[in-house]
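Engineer: So the chains spell out like this:
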Amino acid sequence: MLSLVIFLPLFGALFILAAPSLEEKRIKWVALAVTILDFLVSLPLWFRYDGDSGVLFQLGQSAEWIPSLGIRYEVALDGISLLLVLLVTFIMPLVVVGSVKTITRRHREFYTLLLALQTFMLGAFAARDLFLFYMFWELMVVPMFLIIGIWGGKPRIYAALKFFIYTLFGSLPMLVAVLYLYTKLKAQAAADPSIEAAYSLDALSSLTLTLKEQWLCFIAFGLSFAVKVPMFPFHTWLPDAHTEAPTPGSVVLAGVLLKMGGYGFLRFAIPFFPLAVQQAVPALYFFAVVGIVYAALVALVQTDVKRLVAYSSVSHMGLIVLGIFALNPDGVRGGVYQMLAHGLTTGGLFLLVGMLYERRHTREFSEFGGVAHRMPVYAFFFLAITLGSIGMPGLNGFVGEFLIFLGTFRESPVTAFIAVTGVILGAWYMLTTVKKIFFGEIRNDANRSLVDIDRREIAVLAPLLLMIIIMGVMPAPFLNKMEASVQAVVQGYMTAVGR
Amino acid sequence: MEPSVLVSLLIVLGLAAAIPVVMVILGRAFGPKRPTEVKYSVYECGLEPPVDARRRFTVKFYEVAVLFVVFDVEVAFLFPWALLFKKSSGFLFFGEMIVFLGILGVGLFYVIKRGALEWE
Amino acid sequence: MTWEDTKSLMPLLGPFLAALAILVVGGRKERGPNPLLPLLALAGFGWTLVGVGCLWPLEGAHDAFAGGLRLDGLGLVVALLVSLGGAACTLLSVDYLKRRGRNLPEFYVLVLFSALGMMVMGMSTNWLSLLLGLETMSLALYVLCGFLRDETRSVESSIKYFLTGSFASGLFLFGMGLLYGGTGSFEFRDLGGAMLDAQSQPLIVVGVGFLLAGFLFKIGAAPLHMWLPDVYEGAPTPITGFMATGVKVAAFAAVIRVLSEIYQHEHVGLRDVLWWIALITMIVGNVAALAQTSVKRMLAYSSIAHAGYLTIALVVMRGAVGENGAIDFSGSLAARAILYYLLAYLVANMGAFGVLSYLEKQGGKGLAYEDLAGLGFKHRFLGLVLSVFALSLAGIPGTAGFVGKFLVFGSAVDAGVGTADSSFVLLAVLGILNSLVGLYYYLRVLIQLYAKPLAEDASTRGAPLVGMGTGLVIVASFIGTLWWGFGADFLNLGFGVEPAMRMMQGALATLR
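Residue numbers (numbering that gives the first Met the number 0), protein chains in the order written: chain A, 0 to 498; chain B, 0 to 119; chain C, 0 to 511.
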């Protein structure tokens, strides 16, 4: 079941690749069908996952893979990964619909890569074997690299290379750490027959590491996740990648790929290296807060809408890291919730910016003004999703941010206070953006002929907005699903550090 | 190996290198030198050479020479084989040489077929 | 020779008989291409493959020629890899030579003989048979490098390889001589014992040094790599592929045998020397590959880098001496990593050179990065497979190259855990940083294939159809690269990562 959800898109990709008689025009329909089917197949996961059963990881499947190295194919979901998997399957059909106009050439390659990317992302969220996770983790980068490199804007090759090298610079040290963990476990298994030497996360949980080892491995893992998030000193790839990526690429990147970093912290870094995390928390706070405020300030001075959204992404992701490393139930809850919320709102914003770009082929603020006169429906969606992004109560961003600040405040009021300024700045630059683009008189003649969004575009945005509102007014079902897993993360950490 | 053996080896090497050098130097130093025109000419008898000695020969000479060496050297293996034949286990020992000669035969066959032995 | 000896000859007989047959059939004055000849060569390699299949799994080992050759698991794996590479080279050459108008019987004979030499190297257990194998291989390759004798670069490649290669053989011989002086024996197995003898130790140390220099030369490890780029670039492309893979397979197998003797005594400083060589080789290969404009030359430098990664595993290799002095390396992750890495490198590299040999134009042109521009869309399949090969060489998960790197770095970490010495883990980290550098030039291939527009004269580019032999090699390498990258043996058919891993493990159980 879970494996079907994971690999269905890959089969779709192979089908598209291997069916040369398929017309270029039909390919997008195949891709759409595959993604929708995948979403439908993934929906039962939500209902079958029982958050109160006391069993953390459910719906699992496993098979022998490379026994001589202790590697298994093992997938399962807990509350956190369940929600993220559903986020992926929910967002991908919208991405496909959203890319119809943007992608005007090389359909076959594009949809092949997009579907393969979906499989890799789902696999990374569901993997319960460190090797399997690492494999999906790195594989994810390849289709994204090509999507940016082939369909991107002008300096796309630079942006694509920067993206690839940056992320691999992060994840290659992680490989050494992965190997180290396994080897260490093997050494301990030799002394204690009750321990099994394997890459599976269950086996690795019985590993004991010294503080120094924890630190080294945490740096290796953390670097990888921090690049992906991206956290403050490692964020510079993101604006380039986002700006040059085609709209669907940006949506996937912002909507899902960045969440990998936060997910990695929760799933690997905190449970495996609690002692190192405990010592690193002040530094992580520092970088997260600097990231939040710095990125917000940089966003203020952007003249390109897409770049602005990219920087707002960095700022928001800093918030997520802050919540996760508050390491109390509220903070972690908020972090996970914000991951989902940010996936939807930022994904939506990139789609919206893409729609505007398709019409005017520019993203400069100075080119716009008064667009609301010509595109009222578009303006409505833009405003609504923007409000979701800046954390207006009643929309999804508010729940996450509120919980994050609740959690952070309990640990470090000063940090929470500084981080709030980031959110205020966020409201400032986002609303300024809306004002500059949509209101006032139409000064630029090119904007007079703008056409409002059509039914296809509404079909993309409406489900997003619906989810944003649902998650804003009814956070309980989502929070319930993740509750047990969040508690497990926090409890595990507390026990390990003896608090 | 004993270090003393190495030392004596070194001494022999040194002597072997020194003696010719010393002899040449002695000859230079004490030998009489009476150069004449004739002594500096190319030959002390016969004619002046009409062309340069380092001419290009046709490659066929080399081919034949190489082939001769190749097939001639193989004969070296036949002698020890013949000497040991009486003491040998018989058939297998005989077969080995047949195989060896067979391989040589294939080589010869190839050489002939390729026309390496034809002069024109 | 006894009847028992003939049994261990079986895998070797294939290429040998095929070579003789080609000499008989193809030796005629009119030099037209004869379709029978490549088939004969393939039959020769097929014989070996079938032979390996029949003999595997091997119970114990067979020594032949008074200990000169040893047919054991390692020998079989070498025979398997070399004949796979040789068969691929033959298939590629059919199309390649046809286009170059040099489809001559001698080519196949030489490929078969070089493969034979490689197999002998992999099976040899004394210095004489090792030298025999090495020289058979090298002499054939010297000629093959210059086979396109109308092209300056091919001749240059041949002469450079010959001169430097002879020099390496000289080093090798001198090392052997010293070792014979030190041990009084030509057998590898007498090396370990003699090293404890204080009197012969200096001779052995110097001898091993020279020997190692010879080996490092052959695999192209820095600082003995200077010849490699020019030779690889000038040689006919299928031969470059075969050289890069087959020679490595043979040399590393022989090195494993020799080091398995030397490493019985931990006090030797050989590991430190190899540590630096691995590091320097990786850096030199990767950094120089960055600056290349020709894909073929880039692959040549990357071959140096791969030699460096493989050397990491040599540094950390560690085995067990069992009963009766038998040496068992089946527990050594590093030795297994070397073999698996070689397998992965073989499939990806033969595939990549297969694509290049198809793209190459007269005079060795058409191999610059720019010549690949936009090809990924014009020839979808070629683009796809070349990307996969590049990603495998770069070590991206899902490909055989990743599993190889995973094992190599894993073995380095494995050796470092539990000891106070952190230098092994450090080497793994340095290796990984190097592969990050390497990523850049492999990605350039992908960028050219997909992100650059098709060149102006695209319509006239390349031959219209990939020949059958080339196509077969490319498809097989493609499948192999993915299959040994993540293939799982769900149906117990003996394919995928795990069976290959087990095979490599079994191959190392009976080194002595």
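Mixed in with the good hints, there may be bad ones.
[Stated by the list, open to error] The list that follows gives simulated cross-link-like pairs (lysine-lysine, BS3-like), each with its CA atoms no further than 30 Å apart:
id, chain 1, residue 1, chain 2, residue 2
1, C, Lys360, C, Lys451
2, C, Lys451, A, Lys153
3, C, Lys451, A, Lys161
4, C, Lys377, A, Lys100
5, B, Lys59, C, Lys451
6, C, Lys159, A, Lys27
7, C, Lys451, A, Lys100
8, A, Lys24, C, Lys377
9, B, Lys85, C, Lys6
10, C, Lys451, C, Lys377
[Stated by the list, open to error] So the derived label-pair ranges between C-beta atoms look like this:
id, chain 1, residue 1, chain 2, residue 2, range
11, B, Gly26, C, Val23, 44 to 52 Å
12, C, Pro498, A, Glu23, 35 to 43 Å
13, B, Phe60, C, Asp271, 51 to 59 Å
14, C, Phe166, A, Thr207, 33 to 41 Å
15, B, Met96, C, Gly208, 33 to 41 Å
16, C, Pro498, B, Leu107, 56 to 64 Å
17, C, Leu38, A, Arg47, 55 to 63 Å
18, C, Asp271, B, Val21, 23 to 31 Å
19, C, Glu58, B, Leu82, 32 to 40 Å
20, B, Trp118, C, Val23, 17 to 25 Å
21, C, Pro498, A, Pro412, 58 to 66 Å
In short, the hints are calculated from the structure, not lab data.
Computed from a predicted structure; not experimentally measured.
All C-beta atoms in this analysis are idealised placements derived from N, C-alpha and C, irrespective of residue type, glycine included.
Engineer: Compare the structure with each hint and give your call.
Structural biologist: Evaluation of the provided hints:
Annotation: proposed proximity of Lys360 (chain C) to Lys451 (chain C) holds, straight-line Cα distance about 21 Å (limit 30 Å). Simply put, Lys451 (chain C) and Lys153 (chain A) have alpha-carbon atoms about 12 Å apart, close enough for the 30 Å limit, and the pair holds. For the hint linking Lys451 (chain C) to Lys161 (chain A), the alpha-carbon distance of about 17 Å falls within 30 Å, and the restraint holds. Taken as a hint, the Lys377 (chain C) and Lys100 (chain A) pair is honoured in the structure, with Cα atoms around 23 Å apart against an allowance of 30 Å.
Of the supplied pair hints, the one linking Lys59 (chain B) and Lys451 (chain C) is violated, its CA atoms being roughly 54 Å apart against a limit of 30 Å. In summary, the hint linking Lys159 (chain C) to Lys27 (chain A) is not supported, as the alpha carbons are separated by about 55 Å, beyond the 30 Å threshold. Annotation: proposed proximity of Lys451 (chain C) to Lys100 (chain A) holds, straight-line Cα distance about 22 Å (limit 30 Å). Taken as a hint, the Lys24 (chain A) and Lys377 (chain C) pair is honoured in the structure, with Cα atoms around 18 Å apart against an allowance of 30 Å.
About 26 Å separates the Cα atoms of Lys85 (chain B) and Lys6 (chain C), which keeps this hinted pair within 30 Å; it holds. Only pairs whose Cα atoms come within 30 Å are accepted, and Lys451 (chain C) paired with Lys377 (chain C) is accepted, the gap being roughly 12 Å. For Gly26 (chain B) and Val23 (chain C), the hinted distance range of 44 to 52 Å is not satisfied, since their beta carbons lie about 59 Å from each other. For Pro498 (chain C) and Glu23 (chain A), the hinted distance range of 35 to 43 Å is satisfied, since their beta carbons lie about 40 Å from each other.
Between Phe60 (chain B) and Asp271 (chain C), the C-beta spacing of about 54 Å keeps the proposed range 51 to 59 Å intact. For the pair Phe166 (chain C) and Thr207 (chain A), the supplied restraint of 33 to 41 Å is violated, since their beta-carbon distance comes to about 54 Å. Between Met96 (chain B) and Gly208 (chain C), the C-beta spacing of about 40 Å keeps the proposed range 33 to 41 Å intact. Range check, Pro498 (chain C) to Leu107 (chain B): Cβ separation about 46 Å, and the 56 to 64 Å hint is violated.
Between Leu38 (chain C) and Arg47 (chain A) the Cβ separation comes to about 58 Å, which falls inside the hinted range of 55 to 63 Å. In this structure the supplied range 23 to 31 Å is violated for Asp271 (chain C) paired with Val21 (chain B), their Cβ-Cβ distance being about 46 Å. Distance hint check: the CB atoms of Glu58 (chain C) and Leu82 (chain B) are about 38 Å apart, consistent with the given range 32 to 40 Å. Checked against the hint of 17 to 25 Å, the C-beta distance between Trp118 (chain B) and Val23 (chain C) comes to roughly 24 Å, which is consistent with it.
The hinted window of 58 to 66 Å between Pro498 (chain C) and Pro412 (chain A) holds, with their beta carbons roughly 59 Å apart.
Hints 5, 6, 11, 14, 16, 18 from the list above are not met by this structure, while the remaining hints are.
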